[in-house]
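In case you want the letters, here they are:
Number of protein chains: 2
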Amino acid sequence: MYVILVYDIAEEENGTRRQRNIFKICKKYLIHIQNSVFEGDTNPSHLARMKKELMPWIDKNLDSVIIFKSREERWLTKEFYGKDESDVTSNFL
Amino acid sequence: MYVILVYDIAEEENGTRRQRNIFKICKKYLIHIQNSVFEGDTNPSHLARMKKELMPWIDKNLDSVIIFKSREERWLTKEFYGKDESDVTSNFL
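Quick mapping for you: the protein sequence lines, in order, are chains X and S. Residue numbering for the first sequence follows numbering that gives the first Met the number 0, beginning at 0 and increasing consecutively. Residue numbering for the second sequence follows numbering that gives the first Met the number 0, beginning at 0 and increasing consecutively.
If you are wondering where the hints come from, they were derived from the structure by calculation, not from laboratory data. Just to be clear, a hint being listed does not mean it is correct.
List of simulated lysine to aspartate or glutamate pairs, DMTMM-like, C-alpha gap at most 20 Å [what the hints assert, rightly or not]:
#1 82/S with 12/X
#2 26/S with 78/X
#3 77/X with 10/S
#4 27/X with 78/X
#5 68/X with 71/S
Sequences are here, hints too, so could you generate the full structure?
Shown next, in the form of structure tokens:
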């Protein structure tokens, strides 16, 4: 199963802390390809574990996390324009 | 063909202007679902036209635009966590 995860974490209510933790959890399970975008090949149990870790950090009213799932990576093609930010270790770490 | 477009536009070099124009172009062709994330059903000629309009605004060294394509929407499932930002008209307009 191939997954693309995008998040938009609000700054309010200690958002920086939420963002830092959400970033770290996503990075544990997926590949960081752009500012708040991750992708990767995973399986249902890995995905369930990642979501379980993420939930406490997502503010239901302020934040937005979207997970796209495709059964096979080959059903998805990817085009890059501009610079390729894949897995550039950002200042969160 | 189903498309997910994510962008990360740097603030440097008049980034706000680039971001405003990239946002408007994406919004013309796709659905705005989160901060810098768009999706939608489209066709090759529409996609080519969108990319042609986008290119002049993407700074090759500073910005990143990624387009994921799936031949069919049904090959992609989507999960929302937190608030649903789909097509909330943002302050760019």
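message = Checking one constraint from the list: CA of residue 82/S to CA of residue 12/X, max 20 Å. Satisfied?
response = Answer holds: residue 82/S to residue 12/X is near 15 Å, not above 20 Å.
Original post:
Holds or violated: are the alpha carbons of residue 26/S and residue 78/X at most 20 Å from each other?
Top reply: Holds, because 19 Å separates the two Cα atoms, which is no more than 20 Å.
Pairwise hint evaluation, residue 10/S against residue 77/X, where the allowed Cα distance is 20 Å at most: violated (25 Å)
Notebook entry, point to check: Hey, residue 27/X versus residue 78/X, does the alpha-carbon distance stay inside 20 Å?
Noted result: violated (24 Å)
Satisfaction of hint between residue 71/S and residue 68/X, Cα-Cα up to 20 Å = Holds, because 13 Å separates the two Cα atoms, which is no more than 20 Å.
Figure legend: structure checked against the earlier numbered hints; hints not met, in rising order: 3 and 4.
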